[in-house]
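**Q** Listed here are the chains, written in short residue letters.
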Amino acid sequence: GEDVEQSLFLSVREGDSSVINCTYTDSSSTYLYWYKQEPGAGLQLLTYIFSNMDMKQDQRLTVLLNKKDKHLSLRIADTQTGDSAIYFCAEAETGRRALTFGSGTRLQVQP
Amino acid sequence: ETGVTQTPRHLVMGMTNKKSLKCEQHLGHNAMYWYKQSAKKPLELMFVYSLEERVENNSVPSRFSPECPNSSHLFLHLHTLQPEDSALYLCASSQVYGELFFGEGSRLTVL
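From first to last, the protein sequence lines stand for chains A and B. Just so we're aligned: 13 in my numbering is position 13 of the first sequence, and the numbers increase by one with no gaps anywhere. Just so we're aligned: 108 in my numbering is position 108 of the second sequence, and the numbers increase by one with no gaps anywhere.
FYI, nobody ran anything at the bench for these hints, they're computed from the structure. A virtual CB, placed ideally from N, CA and C, is assigned to each residue, including glycine. No incorrect hints appear here.
Rough simulated footprint, nothing fancy, chain B against chain A, three-plus residues with beta-carbon under 8 Å: (1) 32-46; (2) 100-106.
Only pairs whose alpha carbons sit at most 25 Å apart, straight line, appear in this in silico PhoX-like list of lysine-lysine: (3) LYS36/B with LYS18/B; (4) LYS70/A with LYS40/B; (5) LYS22/B with LYS36/A; (6) LYS36/A with LYS36/B; (7) LYS56/A with LYS67/A; (8) LYS36/A with LYS40/B.
Build the full structure now, drawing on both the sequences and the hints.
**A** Laid out in structure tokens, this is it:
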């Protein structure tokens with residue numbers, strides 16, 4: 001079955017880069033997503049990457065995809081305290097509405 | 001009201017109660033979802049309603065019963081729940097595959 005795995009916790013200092021990693025098992029995934037959940041809020045789509053790409057950059061965010069190893073990462077440059085949140089990796093199969101999410105990585109940014 | 005609204009935000013119920021969670025989306029989307037969020041576990045898809053499909057996760061117990069009277073409203077009816085059902089229940093909607101807009105969630109505690 002589908003499985004998305006992430007480490008549970010990451011702590012960085014303000015101004016450093018953060019790298020959040022994710023592995024997935026479904027080789028038919030067409031899109032891979034990163035969502036962010038701030039305290040007391042629902043999830044918010046941050047960015048996504050199509051499976052035939054290996055990199056996507058959007059301002060401070062860089063998504064890297066290694067399709068051979070089924071490994072996805074999200075790099076946040078110049079991490080700020082406002083980036084403290086839980087980050088979820090998710091995958092979608094072709095033609096399916098539902099996303100399969102990981103457990104989320106809690107990012108803590110130290111001032 | 002904008003976005004996806006969930007009520008109630010917090011609910012405490014006994015194991016013999018019957019209650020309902022309500023979700024309303026004001027985005028004109030054509031699909032709605034229920035996800036369950038438990039600590040340190042992957043988000044669990046419970047139900048999807050869209051024009052193309054109605055998906056039920058077969059592992060969801062029958063004490064959870066969804067209702068989708070129209071494309072803007074989604075309910076989750078709860079009956080004789082167990083303490084392990086305590087979690088954050090997230091509603092989402094989408095128009096584009098994979099781009100989900102989440103509500104803030106309903107925090108359920110079962111005593």
